[in-house]
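Starting from the given sequences, assemble the full structure and let the hints guide the process.
First to last, the sequence lines map onto chains A and B.
Under the working numbering, residues 1 to 336 are what the first sequence spells out, in order.
Under the working numbering, residues 1 to 361 are what the second sequence spells out, in order.
Check before you lean on any hint, since a few could be wrong.
Keeping only pairs whose Cα atoms sit at most 27 Å apart, straight-line, the calculated DSSO-like set for lysine-lysine is [said to hold, decoys possible]: (1) B:K10 to B:K168; (2) A:K141 to B:K36; (3) A:K211 to A:K14; (4) B:K350 to A:K141; (5) B:K168 to B:K350; (6) B:K350 to B:K36.
Partial list, derived from the structure: chain B residues whose beta carbon lies under 7 Å from chain A [said to hold, decoys possible]: (7) L128; (8) S132; (9) P314; (10) L316; (11) G318; (12) L327; (13) L331; (14) V337; (15) F340.
Quick caveat, the hints were computed from the structure, so don't treat them as lab data.
Backbone N, C-alpha and C fix where the C-beta goes; we use that ideal spot for every residue, glycine too.
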Amino acid sequence: MSDIAATDPLPKPKRDLAPILLPVALALLMIPLIGSTSSWLTLTVASLAMGMMIFIMASGLTLVFGLMDVLNFGHGAFIAVGAYVATLVLAPFAASIQADSLWMNLAVLAPAALLSMAVSGALGLVVERVLILPVYGQHLKQILMTTGGLIVAEQTLYALWGPQIIPMPLPTSLRGSFILGDVAIAKYRVLAMLIGLAIFIAIQLVLNRSKVGLLIRAGVENREMVEALGYRIRRLFLGVFMTGSALAGLGGVMWALYREQVHASMSDDLTVLIFIVVIIGGLGSIGGCFIGAILVAMVANYGGFLVPKLALVSNILLMVAILMWRPRGLYAVTSR
Amino acid sequence: MMILSGDPPKSRVLTLLLVVIILALAATPFLFPGAKALNVAAKICVFAALVASYDLLLGYTGSVSFAHTMFYGIGSYAIAIALYGMGPNWAAVATGIVVGLPLAALLALAIGLFSLRVAAIFFAMITLAVASAFQVLASQLSWLTGGEDGRSFQLPELLRPGTVLISKSLFGFEINGRILTFYLVFAVSALMILALLRVVNSPFGRVLQAIRENRFRAEALGFRTVFHLTYANCLAALVAASAGILNALWLRYAGPDTSLSFSIMLDILLMVVIGGMGTIYGALIGATIFILAQNYLQSLMGVASNAAGEAGLPLLPGLLHPDRWLLWLGLLFIASVYFFPTGVVGRLRKAGGDKSAGSSH
Chain A
1 MSDIAATDPL PKPKRDLAPI LLPVALALLM IPLIGSTSSW LTLTVASLAM GMMIFIMASG
61 LTLVFGLMDV LNFGHGAFIA VGAYVATLVL APFAASIQAD SLWMNLAVLA PAALLSMAVS
121 GALGLVVERV LILPVYGQHL KQILMTTGGL IVAEQTLYAL WGPQIIPMPL PTSLRGSFIL
181 GDVAIAKYRV LAMLIGLAIF IAIQLVLNRS KVGLLIRAGV ENREMVEALG YRIRRLFLGV
241 FMTGSALAGL GGVMWALYRE QVHASMSDDL TVLIFIVVII GGLGSIGGCF IGAILVAMVA
301 NYGGFLVPKL ALVSNILLMV AILMWRPRGL YAVTSR
Chain B
1 MMILSGDPPK SRVLTLLLVV IILALAATPF LFPGAKALNV AAKICVFAAL VASYDLLLGY
61 TGSVSFAHTM FYGIGSYAIA IALYGMGPNW AAVATGIVVG LPLAALLALA IGLFSLRVAA
121 IFFAMITLAV ASAFQVLASQ LSWLTGGEDG RSFQLPELLR PGTVLISKSL FGFEINGRIL
181 TFYLVFAVSA LMILALLRVV NSPFGRVLQA IRENRFRAEA LGFRTVFHLT YANCLAALVA
241 ASAGILNALW LRYAGPDTSL SFSIMLDILL MVVIGGMGTI YGALIGATIF ILAQNYLQSL
301 MGVASNAAGE AGLPLLPGLL HPDRWLLWLG LLFIASVYFF PTGVVGRLRK AGGDKSAGSS
361 H
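Okay, structure coming up:
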């Protein structure tokens, strides 16, 4: 039909840049509105850090939905479990946390984060097998089952740790800010940004450069076809689910350190934020999830600074605006 | 049969159970003395209506809404703010109703038009987000809603406990304003449940079930599914707001914990699933089981927790602590979704051996 030679590279899909420009435009638009450059910079860094943390928590949820059409209303439980498990490591080693040495601090933080990820990942395995496997393909039951799971998980956390708020102090070396001129940038936010960015890049690399990633992307687009080609997509899905749960656990640790406290109800507030992010980004899209997380965080930070009263409903307004523009989210990757 | 809209319980055990519950509720002021029993009975009435309206959404249209407490809260707050601001008179009650109900319906319409066009899953997430925003809004606008403290108010003269309508010397019972309020709650709740029974058994209700079973096919048959779903959403919101009004009237108070919190939403979900989705009768059964458990099982758990603590068992005292009763209900919830998704009512109907009961699974 056309004259494409065999040696020509495959035609590249058209890049859709508009959603990427959205947070950039929003940030630039805010400079004159906020007035002072230093507060603008502080707010922007705060938004990026918060956005990265939300992205870490939401990435698993969006992939799980995209791949298997499973909506996990109990995703927030992994966040809380991750945070609580971290206290198991952080509390006995409080002295190392208080020490004013970055390496001493990290030597405790890193195992704590890894243990959190391991436990929430393992919990993901149990949840997938026990709660989700019996109700594949039934949305209503999935929502009910995972909501039930969320209740049980939250109550178990209360039973094990008690209903009080557990303080989770930031390590000494991560306290305070870098001072650049008259701009103060909190050290922990920089760390959160770096971790978030690293995870985003890692996910993108796995999805775009590895065979597993190819299968996941193919599965998101058309599950039956991948199954017909002989791949066991259930096993792939289990892997994605566990990874997503582990990431949610990591996000929970980071969020708890950010807020410097742990409480089982943190999962409730975050679940709402994560859902908004996943809807905005387009179900199943990692790139959309990333942009959506940053947008939500920006709206929360800028909105909280400019019109504090509006900040309460700003996320809903953002969601309405995005869905008016693109009814299936920023990037619609699934065919559903 | 007219009053049940041609949809009888279809099981002898279920009929018996319903009759016992309704008679017990109706006779509570005389059978069980004391404020606690009356409170429990009033709560069962209010929640039976609230859960029945939720069943219209969940059981009959198959859409999961997490905003149902929002409408319940709108009703509660409307009447509370009106009675608080205008003083204890009937004009204030009327104002609360006239403002609250249309507000709930309008909001339901907006949410429905915005999110019901897309998949059920979007609807669930969007309602969750809207409801949480509303909850924050209600606690922040403290000049209007009283913030976290909520609003306490006085009822009109006729409904106050101090108003003696029939003195004790006449029948041996004192009929006062409190008991009158209870019967108001009872009667309005019963009317709403019967009205919902009428709705789900009307041609409109059949279309809702068709949409639940296969939306695409229902649309192909020529039904405007978005219209039907939005309409059902508005109806459910109206009933929920009315239940909220009743609740506020009974408690003489409206606050975030009693009318808006997410835990009430979970309670409603538990009640509807345990009672039986898509049956309306399940609402009454679920509400009764749940609220009785909430009020009486907790003290039982306290005893068990103390006993386990004294026996020196690890973990058990914490797991059996009265505040952890939701844990056990959560497990029960998962088990009931898994093992008997049709709930108590569905089970009883099946056990009754009625063949026609199987047609509406």
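Status of the hints after comparison with the structure:
Between K10 of chain B and K168 of chain B, the direct Cα distance comes to roughly 41 Å. Violation of the 27 Å bound is thereby established for this hinted pair. For the hint linking K141 of chain A to K36 of chain B, the alpha-carbon distance of about 35 Å lies beyond 27 Å, and the restraint is violated. With a CA separation close to 22 Å, the supplied pair K211 of chain A and K14 of chain A stays within the 27 Å bound. Only pairs whose Cα atoms come within 27 Å are accepted, and K350 of chain B paired with K141 of chain A is accepted, the gap being roughly 20 Å.
Annotation: proposed proximity of K168 of chain B to K350 of chain B is violated, straight-line Cα distance about 47 Å (limit 27 Å). For the hint pairing K350 of chain B with K36 of chain B, the CA-to-CA distance comes to about 35 Å; that exceeds 27 Å, so the pair is violated. Interface hint status for L128 of chain B: upheld, as the beta-carbon distance to the closest one in chain A is roughly 6 Å, under 7 Å. With its C-beta approaching chain A no nearer than about 5 Å, S132 of chain B sits inside the 7 Å limit, and its interface hint holds.
Given the 7 Å rule on beta carbons, the hint for P314 of chain B is violated: about 11 Å separates it from the nearest Cβ of chain A. Given the 7 Å rule on beta carbons, the hint for L316 of chain B is violated: about 10 Å separates it from the nearest Cβ of chain A. The restraint placing G318 of chain B at the interface with chain A holds, with a minimum CB-CB distance near 4 Å, inside the 7 Å limit. Hint on L327 of chain B holds. Least Cβ distance to chain A is approximately 3 Å, under the 7 Å limit.
Given the 7 Å rule on beta carbons, the hint for L331 of chain B holds: about 6 Å separates it from the nearest Cβ of chain A. The closest approach between the C-beta of V337 of chain B and any C-beta of chain A is roughly 5 Å, which is under the 7 Å cut-off, so the hint is satisfied. Look at F340 of chain B: its Cβ only gets to about 12 Å from chain A, farther than 7 Å, so that hint breaks.
Of the numbered hints listed earlier, those contradicted by the structure are 1, 2, 5, 6, 9, 10 and 15.
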